[in-house]
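J.: Each chain is listed here by its residues.
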Amino acid sequence: MAYDKFKVLTSKAVPLPLENVDTDQIIPARFLKATERKGFGDNLFRDWRYNNDNSPKESFVLNNSVYSGKILVGGKNFGSGSSREHAAWAIYDYGFRCVVSSFFADIFRNNCLNIGVLPVQVSPEFAEQIFNAVYDNPNTELEINLPNQTITILSTGAKESFEINSYKKDNMLNGFDDIDYLQNIKGEIESFANNLLL
Amino acid sequence: MSKTLFDKVWDSHVVRKIEGGPDVFFIDRHFIHEVTSPVAFLGLKSRGLKVMYPERTFATADHNTPTINQHLPVEDPLSANQLKALEDNSNEYGISHWGLGHQKNGIVHVIGPENGITFPGATIVCGDSHTSTHGAFGAIAFGIGTSEVEMVLSTQCIMQPKPKKMRINVNGHLGKGVTPKDVALYIISKLTTSGATGYFVEYAGDVFENMSMEGRMTVCNLSIEMGARGGMIAPDETTFAYLKGKPLSLKGAAWDKAVAHWKTLKTEEGATFDKELNFKASDIEPMITYGTNPGMGMGISKHIPNADSVEGGIATYKKSLDYMGYHENDSMIGKKIDYVFLGSCTNGRIEDFRAFASIVKGKKKADNVTAWLVPGSHEVEAKIKEEGILDILTAAGFTLRQPGCSACLAMNDDKIPAGKYAVSTSNRNFEGRQGPGSRTLLASPLVAAAAAVTGVVTDPRNLI
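First to last, the protein sequences are chains Y and P.
When we follow our numbering, the leftmost residue of the first sequence carries the number 1, and every step to the right adds one.
When we follow our numbering, the leftmost residue of the second sequence carries the number 1001, and every step to the right adds one.
Quick caveat, the hints were computed from the structure, so don't treat them as lab data.
Think of the CB as a built atom: it goes at the ideal place given N, C-alpha and C, for glycine as much as any other residue.
Fair warning: there could be bad hints in the mix.
[Stated by the list, open to error] With a Cα cut of at most 30 Å, we get these calculated DSSO-like pairs of lysine-lysine: (1) P:K1162 x P:K1190; (2) Y:K33 x P:K1420; (3) P:K1008 x Y:K186; (4) Y:K169 x P:K1190; (5) P:K1003 x P:K1280; (6) P:K1364 x P:K1420; (7) P:K1050 x Y:K38; (8) Y:K76 x P:K1162; (9) P:K1045 x Y:K38; (10) P:K1162 x Y:K5.
[What the hints assert, rightly or not] Just the calculated beta-carbon pair ranges, DEER-fashion: (11) Y:G39 x P:G1437: 22 to 28 Å; (12) Y:L173 x P:E1269: 51 to 57 Å; (13) Y:A193 x P:A1241: 25 to 31 Å; (14) P:S1309 x Y:N132: 24 to 30 Å.
With the rest of the complex left out, here is chain Y:
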């Protein structure tokens, strides 16, 4: 599925400094029963966000109106566990376009890149600076500049660069996905397959 192009995103951020946030927390398995990619944002962080009677848990950051924005800032090892792309869909559907963490789980990072959510990995020190800045002033904005591969805390001017491979970067900048690429080399794939043993 093609997605919106990503160039420069300037937005407030939502802080979630817990470590090892797994995809079962991002979207519990009982909400994976859909056969269409619709409405997953409603159940993003379902069991941290709502009580059993569906009333909001006031202590959870998504229920605190002080914090908003298109950038989610998570703790170390964000997105571990299940390969469910539904986790990335839920984050996208809720309105986030970028997740920042000092460390991402592998499959989650891949899933994000495939649907147009930019995973930005920063140093632990820079992650700490972001949390401090956002807790000091929830209106603090971050600038994610994909062409330059930089992330800046606009209130302090602190800046760090981040890694992304040039192929995925081009995809994000242009809103392309891997299927667009693979469709164009099907002949090459076919010759490869013809030479396989099994």
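Here the structure of chain Y is known, so what remains is to put chain P in place on it, guided by the hints.
T.: This is chain P only, laid out in the frame that chain Y set:
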């Protein structure tokens, strides 16, 4: 340059290398199930694409199926709808479909190997992170997202950067009551859940060489729980003996030719790894987890670590113990439990049922315990009956359910109630994983059996 097992399999599946980007990586075998495939098929339809090699994809229903009364219509309309979508999509695109009620139905990572779909040197993916299980056969196998499922359906390829390489060596003799599950939980407790992120693991050493295929599958299955995309073990005579004669295994001369090739699939002398770790078998006890990720495990006789002695955030650690209702320095032995779950792609195979039965034989299920024993497939279920294991279980007060993923992820009705404790042979103890508010203690089938007959966490070595 000397090559590792992983290099050999990876490099032989690269269709094209992209400068500054991923490899175009060819997939030999693709498994799909009802939960992560429907949106991929919608994607195909919206783009007007076909399935390029339907004979390389295999569908089974497992994640969201009931484990009782499978002959009746599925009650939950959303689940029924997913199962129908899998069946319809498989039929429409010519994909083999082993749906609910089919004699070959079962958990995807159990039925793949037992039917010979899995083979050494293969590249295997599925929209499920425990696809790493198939690495036990010397395959590169890993979990993918739904966008990638769509890629494999339409082009039989995905776009993957080659991961870094890690070798984990475990040598020596495993002690009494120490199973492959304990070996894996021990390694994860040392590496943490992110210690192998970015790596593909090769398991080596005599502990794995002496392990059965079932045991190797348990170990490779849990590779993802230390963050690795997958783990693999070089194929050997144990591997070939397991696969020979399986329904979809090669036959005759083709089999002999394949085995000759598979014998070359080992890491060469002098090949290098980005990281290499060594562990001693004698250091490993029966393991149990006390927290909310699989890295929070310890020998069953140990005490829960202090927050200041663990790596990482103290707040996260304390939140985890709070959720479990446990405290620093607590002993796990003697903790009361409410549920026992034997099953899943980690420990739902025949050896796991044999191990469980070896402990409960001649004893009775504890009154305070609800036990769910769920075979990984109909074939496992049939063997349980054939081998007389069902009689042992029945005499001890247990009943057998029907195959599926069941309480491992609790998508169906097999949910552990809020606040209750489950000793579970599955793979994840995340908050709410086995049902909202559920508390999971991951362990081997032996530890699960010891808990099931005593009603509390018990060292199985005292019952062997």
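J.: All hints are to be evaluated individually against the structure, with a verdict given for each.
T.: Here is how each hint holds up against the structure:
1. Annotation: proposed proximity of K1162 of chain P to K1190 of chain P holds, straight-line Cα distance about 25 Å (limit 30 Å).
2. At most 30 Å may separate the alpha-carbon atoms for a hinted pair to count; K33 of chain Y and K1420 of chain P meet this at roughly 25 Å.
3. At roughly 24 Å between alpha-carbon atoms, K1008 of chain P and K186 of chain Y fall within 30 Å of each other, so this suggested pair holds.
4. Proposed proximity of K169 of chain Y and K1190 of chain P is contradicted: the alpha carbons are some 35 Å apart, above 30 Å.
5. For the suggested pair K1003 of chain P and K1280 of chain P, the alpha carbons sit about 26 Å apart, so the restraint of at most 30 Å is met.
6. With a CA separation close to 21 Å, the supplied pair K1364 of chain P and K1420 of chain P stays within the 30 Å bound.
7. For the suggested pair K1050 of chain P and K38 of chain Y, the alpha carbons sit about 24 Å apart, so the restraint of at most 30 Å is met.
8. Of the pairs offered as hints, the one joining K76 of chain Y and K1162 of chain P holds, with about 23 Å between alpha carbons and a cut-off of 30 Å not exceeded.
9. Restraint check: the Cα-Cα separation between K1045 of chain P and K38 of chain Y comes to about 17 Å, which is no more than 30 Å; the hinted pair holds.
10. Pair hint K1162 of chain P plus K5 of chain Y holds up; C-alpha atoms about 26 Å apart against a cutoff of 30 Å.
11. Our hint of 22 to 28 Å for G39 of chain Y and G1437 of chain P holds, since their Cβ atoms are close to 23 Å apart.
12. Between L173 of chain Y and E1269 of chain P the C-beta distance comes to about 45 Å, which lies outside the given range of 51 to 57 Å.
13. Between A193 of chain Y and A1241 of chain P the CB atoms are about 29 Å apart, so this pair conforms to the stated range of 25 to 31 Å.
14. Judged by the Cβ atoms, the range 24 to 30 Å given for S1309 of chain P and N132 of chain Y holds: they are separated by roughly 26 Å.
Violated hints for the displayed structure, listed by number in ascending order: 4 and 12.
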